[in-house]
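K.L.:
Quick mapping for you: the protein sequence lines, in order, are chains A and B.
Position 95 (the first sequence) corresponds to 672 in the working numbering; numbering is contiguous.
Position 289 (the second sequence) corresponds to 866 in the working numbering; numbering is contiguous.
Calculated directly from the structure, the hints in this document are not laboratory data.
Be careful, since some hints might not be right.
Where chains are identical, the list cannot tell them apart; a pair therefore holds if satisfied intra-copy or between any two copies.
[Stated by the list, open to error] No farther apart than 25 Å at their CA atoms in a straight line, the calculated lysine to any residue pairs in the SDA-like style are these: (1) K821 - R843; (2) K667 - E656; (3) K821 - D809; (4) K821 - R840; (5) K821 - T635; (6) K821 - P668; (7) K821 - D754; (8) K667 - E866; (9) K821 - E833; (10) K667 - P688; (11) K667 - E833; (12) K667 - R620; (13) K667 - R862; (14) K821 - Q849; (15) K821 - F836; (16) K821 - E834; (17) K821 - V865; (18) K821 - R862; (19) K821 - T832.
Because the structure is a prediction, the values reported are computed rather than measured.
2 protein chains.
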Amino acid sequence: MTQLYDRVALIGLGLIASSMAHAMRRGGLAGEIVGTARSAETREIAREIGLCDRVVDTAAEAVADADLVVLAIPVGAMEDMAREIGPHLKPGATVTDVGSVKRAVVDAVAPHVPEGVHFIPGHPLAGTEHSGPRSGFAELFENRFTILVPDGNTAMEPIERLTALWQGMGALVETMDVEHHDLVLAVTSHTPHLIAYTMVGVADDLRRVTDSEVIKYSAAGFRDFTRIAASDPTMWRDVFLNNKEATLEILGRFTEELFALQRAIRTGDGEQLFDYFTRTRAIRRGIVEAGQDTDVPNFGRPVKKP
Amino acid sequence: MTQLYDRVALIGLGLIASSMAHAMRRGGLAGEIVGTARSAETREIAREIGLCDRVVDTAAEAVADADLVVLAIPVGAMEDMAREIGPHLKPGATVTDVGSVKRAVVDAVAPHVPEGVHFIPGHPLAGTEHSGPRSGFAELFENRFTILVPDGNTAMEPIERLTALWQGMGALVETMDVEHHDLVLAVTSHTPHLIAYTMVGVADDLRRVTDSEVIKYSAAGFRDFTRIAASDPTMWRDVFLNNKEATLEILGRFTEELFALQRAIRTGDGEQLFDYFTRTRAIRRGIVEAGQDTDVPNFGRPVKKP
Ligand SMILES: NC(=O)c1ccc[n+]([C@@H]2O[C@H](COP(=O)([O-])OP(=O)(O)OC[C@H]3O[C@@H](n4cnc5c(N)ncnc54)[C@H](OP(=O)(O)O)[C@@H]3O)[C@@H](O)[C@H]2O)c1
Ligand SMILES: NC(=O)c1ccc[n+]([C@@H]2O[C@H](COP(=O)([O-])OP(=O)(O)OC[C@H]3O[C@@H](n4cnc5c(N)ncnc54)[C@H](OP(=O)(O)O)[C@@H]3O)[C@@H](O)[C@H]2O)c1
Numbered sequence: 578m579t580q581l582y583d584r585v586a587l588i589g590l591g592l593i594a595s596s597m598a599h600a601m602r603r604g605g606l607a608g609e610i611v612g613t614a615r616s617a618e619t620r621e622i623a624r625e626i627g628l629c630d631r632v633v634d635t636a637a638e639a640v641a642d643a644d645l646v647v648l649a650i651p652v653g654a655m656e657d658m659a660r661e662i663g664p665h666l667k668p669g670a671t672v673t674d675v676g677s678v679k680r681a682v683v684d685a686v687a688p689h690v691p692e693g694v695h696f697i698p699g700h701p702l703a704g705t706e707h708s709g710p711r712s713g714f715a716e717l718f719e720n721r722f723t724i725l726v727p728d729g730n731t732a733m734e735p736i737e738r739l740t741a742l743w744q745g746m747g748a749l750v751e752t753m754d755v756e757h758h759d760l761v762l763a764v765t766s767h768t769p770h771l772i773a774y775t776m777v778g779v780a781d782d783l784r785r786v787t788d789s790e791v792i793k794y795s796a797a798g799f800r801d802f803t804r805i806a807a808s809d810p811t812m813w814r815d816v817f818l819n820n821k822e823a824t825l826e827i828l829g830r831f832t833e834e835l836f837a838l839q840r841a842i843r844t845g846d847g848e849q850l851f852d853y854f855t856r857t858r859a860i861r862r863g864i865v866e867a868g869q870d871t872d873v874p875n876f877g878r879p880v881k882k883p
Numbered sequence: 578m579t580q581l582y583d584r585v586a587l588i589g590l591g592l593i594a595s596s597m598a599h600a601m602r603r604g605g606l607a608g609e610i611v612g613t614a615r616s617a618e619t620r621e622i623a624r625e626i627g628l629c630d631r632v633v634d635t636a637a638e639a640v641a642d643a644d645l646v647v648l649a650i651p652v653g654a655m656e657d658m659a660r661e662i663g664p665h666l667k668p669g670a671t672v673t674d675v676g677s678v679k680r681a682v683v684d685a686v687a688p689h690v691p692e693g694v695h696f697i698p699g700h701p702l703a704g705t706e707h708s709g710p711r712s713g714f715a716e717l718f719e720n721r722f723t724i725l726v727p728d729g730n731t732a733m734e735p736i737e738r739l740t741a742l743w744q745g746m747g748a749l750v751e752t753m754d755v756e757h758h759d760l761v762l763a764v765t766s767h768t769p770h771l772i773a774y775t776m777v778g779v780a781d782d783l784r785r786v787t788d789s790e791v792i793k794y795s796a797a798g799f800r801d802f803t804r805i806a807a808s809d810p811t812m813w814r815d816v817f818l819n820n821k822e823a824t825l826e827i828l829g830r831f832t833e834e835l836f837a838l839q840r841a842i843r844t845g846d847g848e849q850l851f852d853y854f855t856r857t858r859a860i861r862r863g864i865v866e867a868g869q870d871t872d873v874p875n876f877g878r879p880v881k882k883p
C-alpha cells in the first residue's frame, strides 16, 4: 500500500495505539512510527516487543517533526497532553485522537493546537476488554467504523489523508457532528458499559448468593456482562465524567423502560413481555447482516474441555 | 461409555432437547431415544435430520415404556404436559425437566407424577441465542453446570443415574434447594436478560439515533446485549412470569446501585466510579479461572473480512 505519512507519533501505547502500530506496519502506511508512553515500564515493553521504530521518553520528542500525532490516552489526560505538545507541533501536521468521547476532547485539545496545524478528532469503534502495549493486534479495526468529527473549517486534504489511513488499517470511516457522536455512543457503548458494571456489582454485593456461585453459574448470561465490566477503570471513569449529559439522558430512558417491564412482571402481563422480547430481535438480525457481529452461537466462544 | 437408560423420551425438540439427543448418542448413554414435539413441522425436521431413533406424534406415545422422560418445553407449558403424560408414565421411571425456573415447575409438575415414578427437576446452565431442533450440538453442556433440585424424599439411585447421564453429556452436576436455585438464576441469568432486552428496546425506540446508526456502531459494546436479547421470547416470558419474586428482588438491587452510579456521574465523583469499576474485575478473573468463559479478546469472535 501507499505510505501516507512520513512520520507518525503515537502518544500513549495501550490497546488502541499498539493496534494502530501493527495495522500501519502491515499496510506500510507510515514511514516511521515513533511512540511514547507515560511510564518507563510501558516504554520498556514497547521497545522489547519492537512495537514502534523508535520509542522516546517524552511526548515533546515524539511529536517533533511528526506529520501525524495520535493522542491515544484516556480522555481525562488529553488537556494536559495537548498543552505539553502544543509548542512542539510541526506546522502543517495533523493532530488526531482516539478518545471515546468527543465534545470534551475537542474542548480540551483545540485551544492548544497552534494555527497551521490541523486538528481532526476521531474515534475507532473497536476495542477489547484488554489493555496495555501487549494487547494490540493488526485486525482490531477490520470492518469496524471509525468516526471523524472535524469542524467545518478544516481543510479537505488532511481529512482525506487521515481517512485513507484508517481505511488502510481496515476501518470504515464516517464523519459526524461532535454532539451527535456523543449521543450515539451513549447508546451503543457508554450506557451498556455502565449497566454491565452495575449488574456485576450487584452480583458481587449480594449476601445470599456467594461470589463462588455467581462464578460457577455465570454461563447462563451473566458472564457476557463481566467481559464488558472488565474494561479499564480509568478509561471508563473518564468516559462517564466527560459524557455526562448524553449518558444521563439515555440512562433516564433506560430506567423508564425497565420500570415498565418490571411492572409487567409484577402484574403478570405476559403479552407485553412477549411483544417486547420479540421486537428486540430485529436489531440483532440487522447487526449480523451488517457484518458487525457473528451469528455463530455464543459468539463462537471456544469450548473448553474440563 | 455405559448405557444408563434403555429408553429416553424427549418431550419438546428444541435447543436443549436436540443437544441432549446429540450428547446422549455421542456417549452411548441411551438404548433408544424417542422424541416428540408440539408441531408437525418440528417433528418432521427431527425425522429428516435423524435426531432421535423414533419421532412420535404424541407425548403419551413417547413416554410409554420410557425409563427417563425429559420435559424440554417452555416453563409455562409444563403443567398441561405433566397432566397429559401422568397416566402413561411407567412405574419406576424417572421424570426430569430442563426448565430455567424451578419452584414454578415443581408446583406445576409434581402433582401429576404418580406414586412410584421419580421426579427430579433439573436445569442445565447452558444455552445459546438460537432455538429449534436444528440448533442443538453435542458439546453444549461440556464443562457447564447442571443443577438438580430433588426433594428430600427422592431415592438415591435415580438421582445418581440422572447425575451420571448429565456427566456423560459433559456437564458438572450440583444439587441445590429449589428456592436458592431461583435466586441464583435471577442473578446470573434472568436479570441480565431483562436488562439486555431493555437496553436494546431503548436503542430501538430513540428518535434521535436511528436504528441504522445503532446497528453500524454496535461494536462498541451494545452488540453483546443484542445477542442475549435475541433469545426466544416465549421462553423468556415464561421465565419472568414464573420467577417473579426473585427477579423483582434483584431488579430492585440493580436499580438502587444504578441510581448511586448515576448520581456519581451527575456530581462528577470520579473516585467512586473508579473504585466501582475496579472491584468488578475480580469476578471476571474468577470466571475465566473457573473455565466458565474464555480470556480471548471479544470472546474470540471471528473477525469478518468486509
Ligand atoms: N479500549 C477500548 O475499547 C477503546 C476503544 C476506542 C477508543 N478508546 C479510547 O482510546 C484511548 C486509549 O485507550 P486504550 O484502550 O488504548 O488504553 P490503554 O490500553 O489503557 O492505554 C492507555 C495509554 O495511555 C497512557 N496514559 C494513561 N494515563 C495517562 C496520563 N494521565 N497521561 C499520559 N498518558 C497516560 C498509558 O500509559 P502507561 O501505560 O504508561 O500507563 C497507556 O499507554 C482512550 O481515550 C479510550 O477512551 C478505547
Ligand atoms: N435456551 C436456553 O438457553 C435454555 C437453557 C437452559 C434451559 N432452558 C429451558 O429449556 C426449555 C426448552 O428450551 P429450548 O431452548 O430448548 O427451547 P426451543 O428451542 O424454543 O424449543 C422448545 C420446544 O418446546 C416445544 N413447545 C413450545 N411450546 C409448547 C407448548 N405450549 N406445549 C408443548 N410443547 C411446546 C416446541 O415445540 P415446537 O417446535 O413444535 O413449537 C419446541 O420443541 C425451556 O423450559 C427453557 O427454559 C433453555
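K.L.:
Hints the structure violates: just list their numbers, smallest first.
P.N.:
5, 6, 8, 11, 13, 17, 18
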